[in-house]
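2 protein chains.
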Amino acid sequence: MDQQTPTSLARADRQAEQRRRILDAAIACFARGGFHATGMQAVCAEAGMSPGGLYRYFRSKEAIIEAIVERDRAAIPAMLAPLLEADDVVEAIVEAARQFVAGNLKSEGMPIFPELYAEAIRNPAVKAIAERCDVEVHEILVRVLERGKTLGQIDPALDANHAARLLMAFSDGVLLRMLYEPAARLEGLMPMFERSIRSFLAAPEQGR
Amino acid sequence: MDQQTPTSLARADRQAEQRRRILDAAIACFARGGFHATGMQAVCAEAGMSPGGLYRYFRSKEAIIEAIVERDRAAIPAMLAPLLEADDVVEAIVEAARQFVAGNLKSEGMPIFPELYAEAIRNPAVKAIAERCDVEVHEILVRVLERGKTLGQIDPALDANHAARLLMAFSDGVLLRMLYEPAARLEGLMPMFERSIRSFLAAPEQGR
Numbered sequence: 001m002d003q004q005t006p007t008s009l010a011r012a013d014r015q016a017e018q019r020r021r022i023l024d025a026a027i028a029c030f031a032r033g034g035f036h037a038t039g040m041q042a043v044c045a046e047a048g049m050s051p052g053g054l055y056r057y058f059r060s061k062e063a064i065i066e067a068i069v070e071r072d073r074a075a076i077p078a079m080l081a082p083l084l085e086a087d088d089v090v091e092a093i094v095e096a097a098r099q100f101v102a103g104n105l106k107s108e109g110m111p112i113f114p115e116l117y118a119e120a121i122r123n124p125a126v127k128a129i130a131e132r133c134d135v136e137v138h139e140i141l142v143r144v145l146e147r148g149k150t151l152g153q154i155d156p157a158l159d160a161n162h163a164a165r166l167l168m169a170f171s172d173g174v175l176l177r178m179l180y181e182p183a184a185r186l187e188g189l190m191p192m193f194e195r196s197i198r199s200f201l202a203a204p205e206q207g208r
Numbered sequence: 001m002d003q004q005t006p007t008s009l010a011r012a013d014r015q016a017e018q019r020r021r022i023l024d025a026a027i028a029c030f031a032r033g034g035f036h037a038t039g040m041q042a043v044c045a046e047a048g049m050s051p052g053g054l055y056r057y058f059r060s061k062e063a064i065i066e067a068i069v070e071r072d073r074a075a076i077p078a079m080l081a082p083l084l085e086a087d088d089v090v091e092a093i094v095e096a097a098r099q100f101v102a103g104n105l106k107s108e109g110m111p112i113f114p115e116l117y118a119e120a121i122r123n124p125a126v127k128a129i130a131e132r133c134d135v136e137v138h139e140i141l142v143r144v145l146e147r148g149k150t151l152g153q154i155d156p157a158l159d160a161n162h163a164a165r166l167l168m169a170f171s172d173g174v175l176l177r178m179l180y181e182p183a184a185r186l187e188g189l190m191p192m193f194e195r196s197i198r199s200f201l202a203a204p205e206q207g208r
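Line by line, the protein sequences are chains Z and S.
Each step along the first sequence adds one to the number in full-length UniProt numbering, with nothing skipped, and position 74 is 74.
Each step along the second sequence adds one to the number in full-length UniProt numbering, with nothing skipped, and position 133 is 133.
Keep in mind that the hints were calculated from the coordinates and are not lab data.
Note that the structure is a prediction, hence the values are computed from the model and not measured.
Check the hints yourself; a few may be wrong.
Unchecked claim - Quick partial rundown of chain S residues pointing at chain Z, CB under 7 Å, derived from the structure:
hint, residue
1, ALA37
2, THR38
3, PRO111
4, GLU115
5, HIS162
6, ARG165
7, ALA169
8, ASP172
9, VAL174
10, ARG177
11, SER196
As the list claims (entries may be wrong) - Within a straight-line C-alpha distance of at most 30 Å, the following computed BS3-like cross-link-like pairs (lysine-lysine) qualify:
hint, chain 1, residue 1, chain 2, residue 2
12, S, LYS61, Z, LYS127
13, S, LYS149, Z, LYS127
14, Z, LYS127, S, LYS106
15, Z, LYS61, S, LYS127
16, S, LYS61, Z, LYS61
17, Z, LYS106, Z, LYS127
18, S, LYS61, S, LYS106
19, Z, LYS61, Z, LYS106
20, Z, LYS106, S, LYS127
21, S, LYS106, S, LYS127
22, S, LYS61, S, LYS149
23, Z, LYS61, Z, LYS127
Stated by the list, open to error - Pair by pair, the computed Cβ-Cβ distance ranges are:
hint, chain 1, residue 1, chain 2, residue 2, range
24, Z, ALA37, S, GLU108, 21 to 27 Å
25, S, LYS106, Z, GLU136, 51 to 57 Å
26, S, SER50, Z, ALA37, 24 to 30 Å
27, S, LEU105, Z, PRO82, 32 to 38 Å
28, S, LYS106, Z, PRO82, 39 to 45 Å
29, S, ALA45, Z, ALA63, 27 to 33 Å
Here a beta-carbon is modelled for each residue, glycine too, at the ideal position from N, C-alpha and C.
Assemble the whole structure, with the sequences as input and the hints as a guide.
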């Protein structure tokens, strides 16, 4: 940071802004036609940039997809960090799940979510990025669950490692269903999801 | 049926067998390269058929994708029907979830599952087929849950309509995670999934 002059900072800002603009344009294109049916020209047109301008930031469609996954997933660990200091661990997890689902539903990138999964399964570079973030999310959740166990708020017999994976699986499943079936939207499905998290984590003496 | 001669029955069998062969070949191709990067020629080569032969059964790649969704989803309602006669409704649901996940994990079509979702979101014909089956699954699950409530095995306060959707969302989420992250496989994740179903559905007096 102390090596950077105001001019180089302004340049970095400008570059970050250009990258953001390209990624948003690409997401809009991918949402309409899918990754594979979308060409770089379509992304250029949507972003209002020349191919030469765009190629200075991203050398290929794959590089754009990787950057979308990176940006998408990088936001999650920061969202989860407050869980490590919550007084009521279970309610904090419920609230994080609510934010995760609601935030994603509002996101323009939502329609490409299943395709990102498909791409991560096939494309090692995309998978590596998604995995790096997944490991981070999983680690935070395990620490949160262990803390809830110590506080007597979560069943001490629960395997935190596998329970964290289940919460991740459930969040994606709920998101996928809301995307696919608007009738299942927030008002109906989310209270069920919240109930299931509470009952799944509950310490035995609390009952329900 | 009584209109069909032995010869026309044999012809129908032969046609069903050819369709099956094409769909299996297409799934293998799609799993390797995705829907959009896979051409009809690749499917012909994999099935060992000429383009002319294949086009007699499917006029386009979209028609193949529709038939895959149709076949894939059509198997689920039959799997769920026994739930309507189970003595222990909750355990029968747990067992059905186990079969759904284990069966899909063994399926060759598993890697194309996220892409089928993506396609259903974009392609109205695929969506219509998936929805038809989804409605059927949802209806059966609602009846099963209502029966469990009547028998005192499921919390009578549970909204069966939304609870059924949650179970569908969870099943897909678990499947997606197992596909994407082999470390999360059956042994670790499935007992968690089972626990969550039991605690979610439990009638209050049973506790856990």
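Hints and how they fare:
no.: 1; hint: ALA37; verdict: holds, 5 Å
no.: 2; hint: THR38; verdict: violated, 9 Å
no.: 3; hint: PRO111; verdict: holds, 6 Å
no.: 4; hint: GLU115; verdict: holds, 4 Å
no.: 5; hint: HIS162; verdict: holds, 4 Å
no.: 6; hint: ARG165; verdict: holds, 5 Å
no.: 7; hint: ALA169; verdict: holds, 4 Å
no.: 8; hint: ASP172; verdict: holds, 5 Å
no.: 9; hint: VAL174; verdict: holds, 5 Å
no.: 10; hint: ARG177; verdict: holds, 4 Å
no.: 11; hint: SER196; verdict: holds, 4 Å
no.: 12; hint: S/LYS61 <-> Z/LYS127; verdict: holds, 27 Å
no.: 13; hint: S/LYS149 <-> Z/LYS127; verdict: violated, 43 Å
no.: 14; hint: Z/LYS127 <-> S/LYS106; verdict: holds, 22 Å
no.: 15; hint: Z/LYS61 <-> S/LYS127; verdict: holds, 27 Å
no.: 16; hint: S/LYS61 <-> Z/LYS61; verdict: holds, 24 Å
no.: 17; hint: Z/LYS106 <-> Z/LYS127; verdict: holds, 24 Å
no.: 18; hint: S/LYS61 <-> S/LYS106; verdict: holds, 24 Å
no.: 19; hint: Z/LYS61 <-> Z/LYS106; verdict: holds, 24 Å
no.: 20; hint: Z/LYS106 <-> S/LYS127; verdict: holds, 22 Å
no.: 21; hint: S/LYS106 <-> S/LYS127; verdict: holds, 24 Å
no.: 22; hint: S/LYS61 <-> S/LYS149; verdict: violated, 45 Å
no.: 23; hint: Z/LYS61 <-> Z/LYS127; verdict: holds, 15 Å
no.: 24; hint: Z/ALA37 <-> S/GLU108: 21 to 27 Å; verdict: holds, 25 Å
no.: 25; hint: S/LYS106 <-> Z/GLU136: 51 to 57 Å; verdict: violated, 31 Å
no.: 26; hint: S/SER50 <-> Z/ALA37: 24 to 30 Å; verdict: holds, 27 Å
no.: 27; hint: S/LEU105 <-> Z/PRO82: 32 to 38 Å; verdict: holds, 35 Å
no.: 28; hint: S/LYS106 <-> Z/PRO82: 39 to 45 Å; verdict: holds, 41 Å
no.: 29; hint: S/ALA45 <-> Z/ALA63: 27 to 33 Å; verdict: holds, 31 Å
Checked against the numbered hints above, the structure violates hints 2, 13, 22 and 25; every other hint is satisfied.
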